[in-house]
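Place chain Y on chain D using the hints.
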Amino acid sequence: MKKKSEALLHSKETRKRKETLGRLAVYLVLTIGGISMILPFLWMISTSLKEPQAIYTFPPKWIPDPIIFTSYIKVWKIVPFARFYLNSIFIAFAVTVGQVMTSAFAAYAFSRLRFPGRDKLFFAYLATLMIPYSVILVPVYILMVYFRWIDTYKALIIPAMFTAYGTFMLRQFFMTIPRDLEDAARIDGCSLVGIFWRIIIPLSKPALATLTMFTFMASWNNFMWPLLVTESVEKKTLPIGLAYFQEVYQYTQPDWSLLMAGSLLAVLPVIILFVFNQRFFVEGIKLTGIKG
Amino acid sequence: MRMLKAKHRETLVAYLFLTPNLLGFLIFTSIPVIVSLGFSFFNARLAPWPQVLSGEFVGLGNFIKLLGFHMQDGAPVANDPKFWQFTGNTLFLMMVIPFQIFGSLILALFMNRKMKGIVAFRTIYFLPTIANGVAIYLLWQWVYNPNFGLLNSMITKFGEILNLQLVGPNWLSSEAWAKPSLMLMGLWIVIGGHNAILYLAALQNIPKDFYDAASIDGANPWQKFWYITWPMISPTTFFITIMAVIFGFQSGFMQAYIMTRGGPNGATTTLEYYIFKNLYEWHHVGYAATIAWFLFVVVFLVTLFNWRFGGKHVNY
Chain D
1 MKKKSEALLH SKETRKRKET LGRLAVYLVL TIGGISMILP FLWMISTSLK
51 EPQAIYTFPP KWIPDPIIFT SYIKVWKIVP FARFYLNSIF IAFAVTVGQV
101 MTSAFAAYAF SRLRFPGRDK LFFAYLATLM IPYSVILVPV YILMVYFRWI
151 DTYKALIIPA MFTAYGTFML RQFFMTIPRD LEDAARIDGC SLVGIFWRII
201 IPLSKPALAT LTMFTFMASW NNFMWPLLVT ESVEKKTLPI GLAYFQEVYQ
251 YTQPDWSLLM AGSLLAVLPV IILFVFNQRF FVEGIKLTGI KG
Chain Y
1 MRMLKAKHRE TLVAYLFLTP NLLGFLIFTS IPVIVSLGFS FFNARLAPWP
51 QVLSGEFVGL GNFIKLLGFH MQDGAPVAND PKFWQFTGNT LFLMMVIPFQ
101 IFGSLILALF MNRKMKGIVA FRTIYFLPTI ANGVAIYLLW QWVYNPNFGL
151 LNSMITKFGE ILNLQLVGPN WLSSEAWAKP SLMLMGLWIV IGGHNAILYL
201 AALQNIPKDF YDAASIDGAN PWQKFWYITW PMISPTTFFI TIMAVIFGFQ
251 SGFMQAYIMT RGGPNGATTT LEYYIFKNLY EWHHVGYAAT IAWFLFVVVF
301 LVTLFNWRFG GKHVNY
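Chains as they are written, first to last, in my numbering: chain D, 1 to 292; chain Y, 1 to 316.
Isolated chain D (complex conformation) (with noise of 0.2 Å):
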């Protein structure tokens, strides 16, 4: 008997000992994943930092010697960094407020009120998420060439504002509220439009706010539209501002200091948006499955 709990003992003993052995496994493969990760970024700061004859040497400095931050100030002057700032928070500030109420107004009609015609037409509009992009661009591209919309913020806001695929994410999102709630709004004498502010609105924050923050992403990195409708330095916005950068100055003898420093630039505010809103983007890629 007292053999047996021994042994029993032993045994949890060693499992328990194999538990923490597995964990620190995990842990040294995720470090070692993370690492890899995140040494390209590091690299990008690194070099931001260096002077121009210090990036091309060889072995490179992890650490710059010494550390200088021209670069930084350096890619304002170059090219009017600002203005692509500014342009890009503008327009994608634009498109996120237009395609977030388009789609809640329409997702509103398509989840909870009944007309002619509504399956059929969001069967439609399922069916066009399938559409390559290329497909729908071709034609678009010239009805802006005769809407005399080239180079205008016109053609970088308006047709990025309806989309099927927020309409498509809120309607998921609207059927599971329960009916009930609504059932009783409309017995107190609440309009249908009312309905939509009262209720669906507001509890359906956590969705609107994820497709707010899918669609500003999508926009800031938005880069085949705003290459084809922009040509004037002006109305560039920042990854295009980046390629025009990169096209023009140093394309032959890159200067990699500024180029990071300008990088990192653009990178900055969304990495720092993700951090901080991190739920919204897991639980808008649970909800609908689909990349932003």
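No lab work stands behind these hints: they were computed from the structure. These numbers come from a predicted model, not from an experiment. One should not assume that every hint holds.
[As the list claims (entries may be wrong)] If you want the footprint, here are the derived chain D segments under chain Y, 3+ residues with CB under 8 Å:
1) 32-39
2) 84-96
3) 127-141
[Stated by the list, open to error] With a Cα cut of at most 30 Å, we get these calculated DSS-like pairs of lysine-lysine:
4) K205/D - K120/D
5) K208/Y - K65/Y
6) K65/Y - K82/Y
7) K12/D - K116/Y
8) K157/Y - K61/D
9) K120/D - K114/Y
10) K114/Y - K205/D
[To be verified] DEER-style ranges, computed between Cβ atoms:
11) Y280/Y - I63/D: 39 to 45 Å
12) A209/D - L12/Y: 14 to 20 Å
13) M71/Y - L42/D: 55 to 61 Å
14) L301/Y - T31/D: 40 to 46 Å
15) L126/D - P264/Y: 37 to 43 Å
16) F247/Y - M175/D: 24 to 30 Å
17) N265/Y - L126/D: 37 to 43 Å
18) M175/D - V167/Y: 41 to 47 Å
19) P178/D - A78/Y: 58 to 64 Å
Here a beta-carbon is modelled for each residue, glycine too, at the ideal position from N, C-alpha and C.
Relative to the frame of chain D, chain Y by itself:
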């Protein structure tokens, strides 16, 4: 009578709510899809100035140019050899997809436990997805710099430790290494992103009882994975695969534009980049639309194939 009125009012309100989005949807999405198909039957070109479209109806001419062959010296030659090269590039670059999916799954398995600091790890692995864009491509262009880049200096350092003279390849400017370079970068960007989070969510949804029951039956960790975890997450795997393939066919523009300009010798030009060039640089609107529609048909058929044959192996 009043009921009828209420019904009418509901329809009216519904259309009012729908109108802004529906107008945008018609003008900027659904009508363009049809117009795009229309363009593909014309040799439409955009004159530089004044910017107007011109071109005649050519029937299936664009499609014949894109997909057809002609005989030259007794051997079949593609009408547009570039198109086939770029299609090959696109497919080659897509071979990173299984590695991305498998990598995300492994990462999710590692992160699926209650441990201190797991949120920090999740954040770190997600960073490349968040920062994805021009800045990341510039960074990797610098990492791949043959003489002073991070990767080759690490390779040389590693060689010194082993007392070997290791010299890294020219990465992006080498025809052989350009595609693998982009694929390695793609793995780095995607591995801890959306797919890892979807897998993590799927893993957390598997009831603990399943594993307890398997333990009582004496199953080892490998058996537990193969008979419980893998079947339980198969809907996620299926979904991730379909989305990755759909996006894979349309990818590769931004990285090529920033890092390689599609070179060397067109080795990194994908179909998406080819569409862009036709539209923006050469103003071949009709041909651009033709390639885009070809891409659409391929994506549609592959997705259909996935649904029919992949769907069977999914356990719900």
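- Query: If you check the beta carbons of M175/D and V167/Y, does the distance land in 41 to 47 Å?
  - Reply: violated, 59 Å
- Do at least three Cβ atoms from the stretch 84-96 of chain D come closer than 8 Å to Cβ atoms of chain Y? Violated - the stretch 84-96 of chain D has 0 residues with a Cβ nearer than 8 Å to chain Y, which falls short of three.
- Task: Please test the hint of 58 to 64 Å on the beta carbon pair from P178/D and A78/Y.
- Result: holds, 59 Å
- Message: The hint says 39 to 45 Å between Y280/Y and I63/D; measuring C-beta to C-beta, is that right?
- Response: holds, 43 Å
- Query: Taken at face value, is the distance from the CA of K114/Y to the CA of K120/D at most 30 Å?
  - Reply: It is violated: about 45 Å lies between the C-alpha atoms, which goes past 30 Å.
- Message: Check whether the Cα positions of K12/D and K116/Y lie no farther apart than 30 Å.
- Response: Within the cut-off at roughly 23 Å; holds.
- Hint consistency between K157/Y and K61/D [alpha-carbon to alpha-carbon, up to 30 Å]: OK: K157/Y and K61/D at ~12 Å, within 30 Å.
- Message: Check the hint pairing K208/Y with K65/Y against an upper bound of 30 Å on the C-alpha distance.
- Response: violated, 58 Å
- Message: Just to be careful, I want the Cα atoms of K205/D and K120/D compared with a cutoff of 30 Å; is the pair within it?
- Response: holds, 28 Å
- Query: Given a hinted range of 37 to 43 Å, is it respected by the beta-carbon distance of L126/D and P264/Y?
  - Reply: holds, 41 Å
- Taken at face value, is the distance from the CA of K205/D to the CA of K114/Y at most 30 Å? The given pair, whose Cα atoms are some 29 Å apart, holds under the 30 Å limit.
- Range agreement (Cβ of T31/D with Cβ of L301/Y, hint 40 to 46 Å): Between L301/Y and T31/D, where Cβ atoms are some 43 Å apart, the hint holds.
Against the hints set out earlier in the document, violations occur for numbers 2, 5, 9, 12 and 18.
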